[in-house]
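Heads up: the sequence shown begins at 659 in the working numbering, then just goes up one per residue.
Since the hints were made in silico from the structure, they are not lab data.
Glycine included, each C-beta is placed from N, C-alpha and C at the ideal position.
What you were told as hints is all true, and nothing was included just to trick you.
Each pair of labels, with its calculated beta carbon distance range:
hint, residue 1, residue 2, range
1, Ala711, Ser681, 24 to 30 Å
2, Glu844, Gln692, 44 to 50 Å
3, Asn731, Tyr753, 24 to 30 Å
4, Tyr753, Lys687, 26 to 32 Å
5, Gln823, Pro876, 43 to 49 Å
6, Leu743, Arg693, 34 to 40 Å
7, Arg688, Gln823, 34 to 40 Å
8, Tyr732, Leu827, 36 to 42 Å
9, Pro876, Ser845, 44 to 50 Å
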Amino acid sequence: NLRLAKTMTIFVFGFTCHQNIFSVVTEIKRPTSQRISFVIFFSLFIACSVYIAVAWSGYHTFGKKVQGDILDNYNASPAVDVARLFVAALVAFSYPLQCHPSRNCFLSLLDQCFSSNSIESYPPALLPQQQDHSTSMVQQQDQNEELSSVVTKGGFRNRFAHSRQARRLTTLCFLFASLLIALSVESLTTVLAIVGATGSTMVSYVLPGGIYYRLAPPSLIRSCALALFCLGLFVMPTAVCLIFVDID
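Required output: the full structure, derived from the provided sequences and hints.
And the structure:
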């Protein structure tokens, strides 16, 4: 069913939260594998329950006439206006959850592209010196730890990610681009479908499958990862084409 394939990208978008896992792990006390898995399962269970309740209610009320934005099915009324205000608040408060990891990834890519790994990029005071009789082992160890700390914390390799000006400029660019899209696109369904077909499919299917297949030893799960990777490569162009094709 082409219509099912066309709307599947919205389903993919609804369960794409992989980009937030790094921030979530840093906030968990004692982030063991079991605790992380519990948080992931419980979060997806809540989201799935809410999705099913809203989807069933909309289809039970309007049947095949239900629209991508269920509020468009209702006539103008104070209750619908209040619901739209809640939707606007939801978008406003969920935007940072998408912007924060996206900004971190973008700035990290800039750091990788423009960072200098040469020894000349480090200050002379932090360069490892040849150890002689006048330099104690404790001083040498402190010097090496200081050098490692500067490199790790972004003194050189992460100058974009740890720059307040770069973070602010990137955030403003993201906000401006989002505003242009919001002003130029009328259909919420089209926006969700395109995002689901491109970014969400990449994050949920292509990258996890490709990375696991590249790093894991041969096993059944590794073969499944390859299948997931290939499925993502198939879904992306197919879904994008179906979004702009009238199959009704």
